[in-house]
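Engineer: If you want the building blocks of each chain, they are given just below.
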Amino acid sequence: MSWFDRLRRGLGKTREVLTTDVRDLATGANVDWEELEFSLVAADVGAGIAADVVEEAKRERESGTSVREALEAALLDQLEPDRRRQTLRRVGFDLDVARHRVEPAGKVVMVVGVNGVGKTTTIAKLGRYYQEAGKSVAFAAGDTFRAAGSAQLGVWGERLGIPTHVGPDGGDPGAVAYDAAAARAARGHDLLIIDTAGRLHTQHNLMEELKKVKRVIGKADEGEPKDVWLVLDAVTGQNGLQQARRFHDAVGLTGVIVTKLDGSAKGGVLLPIVRELGVPIKFIGVGESAEDLQPYDAAAFVRALLGGDADAA
Amino acid sequence: MFENLGDRLQGAIQSLRGRGRLSEADVKSALREVRVALLEADVALDVARDFVKRVEAEAVGSETLMSLTPDQRVIRIVRDELQALLGGDSVQPELRSDGNVWLMMGLQGAGKTTTVGKLAYHFKAKGRRPLLVAADTQRPAARDQLEVLADRVGVPILKVEDGEAPATTKARLDAALREDFRDLVLVDTAGRLEIDEALMDELAALDAAVGPTERLLVIDAMTGQQTLPVARTFDARIGVSGLVLSKMDGDARGGAALSATHVTGRPIYYAGTSEKLDGLEAFHPERIAGRILGMGDVLTLIEKAEALEEAAEDGGLSGRPQDFSLADMLHQMRQLKKMGSFGEILGMIPGAKKMMPAGADVDEGELARVEAILSSMTDAERTTPRLLDASRRRRIARGSGTTVQDVNRLIKNYEATKKMMKKAGKTGRLPAGFGG
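Just so you know, the protein sequences line up as chains A and B, in that order. Following the numbering used here, the numbering of the first sequence begins with 1 at its first residue and continues without gaps. Following the numbering used here, the numbering of the second sequence begins with 1 at its first residue and continues without gaps.
So here's chain B without its partners, still in its complex pose (with noise of 0.2 Å):
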């Protein structure tokens, strides 16, 4: 059931191969398709009817294209369509040069205090003096968590104390930003149901004291149906200036960020990635719609890799596929694992998922063996693989806590990439199976 929207989308619209011109009948029952795969995806219903809706009235009764088959074109008006729904460009949140309060609101367990972490690293790495309040008075030991998090980034918190009155709140920041120049207020709320008149009115009154820059609506990435009613009614009760995703590092396909900034016509300013500190990352419109499309996000992984490339001075490749030693394979595997999770590369790739059989998991401890395996060798056996007799295999083997086994399939492995390479350098490129 959660095979990638892209592949539902080509096979409904497979259907339409081969005509000439698209009858209603026709584009009607492909949109169904179109249609269950956005719902599966946690698309909001009222969002995917408009968007089928839509796509109906442009795909119908047109002429083919002279360049395009009848199916391609559907494809084409659904990837516009959805790219369309989702805004252009990254949008960042307003910064002055000083005064910026920010109001993070959301339900229960959408990620508020976590985030508000984020921020606060995020923005004291780029020089700005943030502030914490810890407004949420509801949930045990919340404010010792945002202070916790306060030590954690380095930062001063205020603390709000139990039934005090907004005003009062107010006073006692206005207070402390006198004493100390801070010049990015982050306030965290308590997680609320959007239902519950009596703590949307004291949110409301938190905001009127306060008054925000930017009021943030925090959603979970994993959110169904609800996204719309929730995202509706904070809009309508407080105003939302923009939104946060959080938990987009799960397999969520996304639908809850479309139908949300389709609810507000407000931008999606971050995504939450970890739960480490440094798990926040500019959102991108686009990387959403190949993300649901089930295309995957080459544009991430590319960035990843550049920043990388910019940090490594540690000794690159040795350049020719021939020289290629298992010196550089450790290299590689290294820089492999500071862009991430294997699985997590993967995604990204398009159509990496499906060379995979089915439930095929990434085995993350067969690389941590590998690389212990390459650790216990010596520099002169990295660069110089020759040398590994059975007596140092033996030994690398105890030195790694493997077995030589394991140490013979490694070498194994690397003289079957080393051959790929070398018939890759002749070529120019890749052998078959590589484009994705």
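Just chain A, same shape as in the assembly (with noise of 0.2 Å):
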């Protein structure tokens, strides 16, 4: 099964209520777009956002499009980090380009989350995949607080014959990441990609951890990391917004990476925070294995959820 199959399994419930609407139109009735609201709400997109995308595909569709595409319409311009782009949208300019590779602005990505979001093993999915690309790899096992933390990135490392640089448990993860980074530079590596302990965001000494984690990585590699990418699991509700707030406040976020995605829940908290917070989506992963990890696509993202074909995609 494609991980397109999967993602459009996983948001089959939005699916139902939209298509038993498009049904609906064809016989005259009227479109129910409160039901609709509501199946967007059930998706985490938030009652605020919910009601704005209905209410600009309920524009839309003055202008004689389907109710389908004026809801496409209406989620991707919520999913557009960039404003400018969401104007050439907006006067109708298509600027849906084919699904690229993600590439790092620079040699080392600094991973943060909250806890139990699934950072370590979208860390091992990570390193497969610029593996794959032809890149040479290296990880820095920063969660040093968790029991074990180091020690799950350090088997992910094995199996992928990639080299993990490993500080002792309880040890000062900005030693490690200083380590790492300096290690990264003198032996060059094309990636260094650095974990870090799970923290909430509401924890301000944690918050500084991280802080000083991202400045000493500057120390030991100048510039770096140019990359910090937040992961947000996929069942998150509102909270989720909340979330990336703290830590783009904090660290800087250059990208979210959404786990969880093969469940049923739909990752409706990416809109919010998109829109609110301007930073772009850069993976999601839709399964366990190392290759359900998938460079997002907006487009294929809003069909998806819309339920569309997958060739088309």
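Hints are computed from structural coordinates only; laboratory data are not their basis. All C-beta atoms, glycine included, are put in the ideal place defined by N, C-alpha and C. It is possible that some hints are incorrect.
What the hints assert, rightly or not - Partial chain B-side listing against chain A, Cβ under 10 Å, derived:
id	residue
1	Asp46
2	Leu107
3	Gln108
4	Gly109
5	Arg139
6	Ala142
7	Gln145
8	Glu147
9	Val148
10	Ala165
11	Pro166
12	Ser246
13	Gly250
From the two separate chains plus the hints, produce the assembled complex.
Structural biologist: Below, the structure is given as structure tokens:
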């Protein structure tokens, strides 16, 4: 089963409502916009944005498009982090490009997130993704807090044949990151992915620690990390926006990765995150195996959400 | 978007003020706001809709009571319904004298393994003899993680081998129990998606083999609309006897908690409140109602304060407000620190968050600086702040790694506080603004 199919299956409930509506439309019945709005809320889009999307879709409808096209346009609009592109899209430019590979801006990527979202597993998948793209990759096990946190990444590194920089349990995560960044620069790896311990965004001291880790990476390797990616669990509700906001304030996010989209969760909280923070989505995780991490593409995501054809992607 | 549900309810319902009798349209528009507010707190859609329907049925058409204005009455109904939804008293899991087997389950990353560690710690302290079973063969190093926790708590662990049949696990468990008396077995299972049939079957098989006395579903407090299908499926497939809500120390409003209780009809036993082993509290349903409504959690605050008071034997306050010294200030600060971070405490005081400017954060670093300054003073200086001349202040600044300006500011603040306390002492109450 392709990732697209999995995603589509996961997003099935939303789709059922939508297809019913389209059928109703064909027989001349009215669209139940309220029910549509509810189904968006049930996808964790948030009550505010769900209302906006429906309003926008209603407007689009007036210009004669189908319900489906109208919704697709309204959702894509919300998922466009770049204001300029959003304007272009609104005036009718088609900006959809083929799915692309995600290239990190620099040589070091720092991965952050709250507890239990799947950071370490995601890093393993990222390692494999870039390895297959022909890069030499290294890991740094910066989760020195959780019992056996470093061991978990170490196991993955061994499986994938990726050198993993491990510090002592309970050691200073800054020191691990510093050593790993310095080692990467010396050995000339193309990419270093640094794991960090999960932390709730409300914990002041731990967020300060995260800032420090980012700072010391820059001391070992000037200008790095150019990327800081937030890993977000798809089951997260409206609190996800708050998480993203706090991490963004602390360490400046350059991307978001959504995990566990293969469940029945739809990851709707992405919409408020993209809209409020303008941080792009980089990858989506749709399964446990390493190849289930896929570069994110807004158009395909929306099509899957609405139940489009896999061929069209 | 994260303003208190309580504020929003008040706002929504205020529009009803001044009406003698509530029309259906009035109530409908106010309740639409209520529903949005519930959804923003991650209350499940179905639950929110039911809830609003019940409130509507109760509010429409009924005559205004003598004592309550229509808006007050709706707020009352909302509050009562919310409390009813959450169930009544705090419930604890059933614990027999021996033969207790608890099965922990949930999605990946819900916090099962950490919760097992906390439960072991909690019950060991109460004189129980826990045994941990590491049955998470899916995630790399999951069993190592539990082993580290077992070591920290000082309890034995039984590790399930890769691909081990549930019957074998049961046999090994029985053998271990014959050798060493253990009255509480905590089984940590792999996280799984509720739609993963194969893994759910596996869990059902393990469940059938070990025959747990409690089946605990661990749910992340930050979960959104997915709580409903997750709780429903685990309950249907395995049966849930109680819930543990993890990561309650975040700023999630806890709608997930409400929805999960509603759908399973099972109580929430515990709430996880930190990453440390002692971060587990008995769950009090009425308190989450307060939290969702943004009414604070005074009860927890009082309890924490009481626990501290009992523990504090080292010289309390000197009594009369005019005698309030720097030593008392230091003592109070240390007491306060024991109750949790400042932000946490503020969250428990009704209305306190509202009084803070938007986006303001408590600077815990500032508190540390104040403590450092106070600690750098001599006992004499602390009890008699008049002694603090320029030279002493210079010394204190050096000793605490701060500046003379910091020291001056602290002393100024202290004097202001003392003045305020004198005033309060005279009128017998705190000056305006402290009532919340």
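Engineer: Run every hint past the structure and note whether it holds.
Structural biologist: Here is how each hint holds up against the structure:
The restraint placing Asp46(B) at the interface with chain A holds, with a minimum CB-CB distance near 9 Å, inside the 10 Å limit. A hinted interface residue such as Leu107(B) counts as satisfied when its beta carbon comes closer than 10 Å to some beta carbon of chain A; here the least separation is about 7 Å, so the hint holds. For Gln108(B), the interface hint holds, since its Cβ comes within 10 Å of a Cβ in chain A; the closest pair sits about 7 Å apart. Taken as an interface hint, Gly109(B) checks out: its beta carbon lies about 3 Å from the nearest beta carbon of chain A, inside 10 Å.
Interface hint at Arg139(B): satisfied, since its Cβ lies 7 Å from the closest Cβ of chain A, which is below the 10 Å cut-off. Because the beta carbon of Ala142(B) sits about 8 Å from the nearest beta carbon in chain A, less than 10 Å, this interface hint is met. Among the interface hints, the one on Gln145(B) holds; its C-beta lies about 4 Å from the nearest C-beta in chain A, closer than the 10 Å criterion. Look at Glu147(B): its Cβ gets to within about 8 Å of chain A, closer than 10 Å, so that hint holds up.
Using the Cβ-Cβ criterion of 10 Å, the hint placing Val148(B) at the interface with chain A is satisfied: the shortest such distance is roughly 3 Å. Because the beta carbon of Ala165(B) sits about 22 Å from the nearest beta carbon in chain A, more than 10 Å, this interface hint is broken. The closest approach between the C-beta of Pro166(B) and any C-beta of chain A is roughly 21 Å, which is over the 10 Å cut-off, so the hint fails. Residue-level restraint check for Ser246(B) holds (minimum Cβ-Cβ distance to chain A is 8 Å; threshold 10 Å).
The beta carbon of Gly250(B) comes within 5 Å of a beta carbon in chain A, closer than 10 Å, and the hint placing it at the interface holds.
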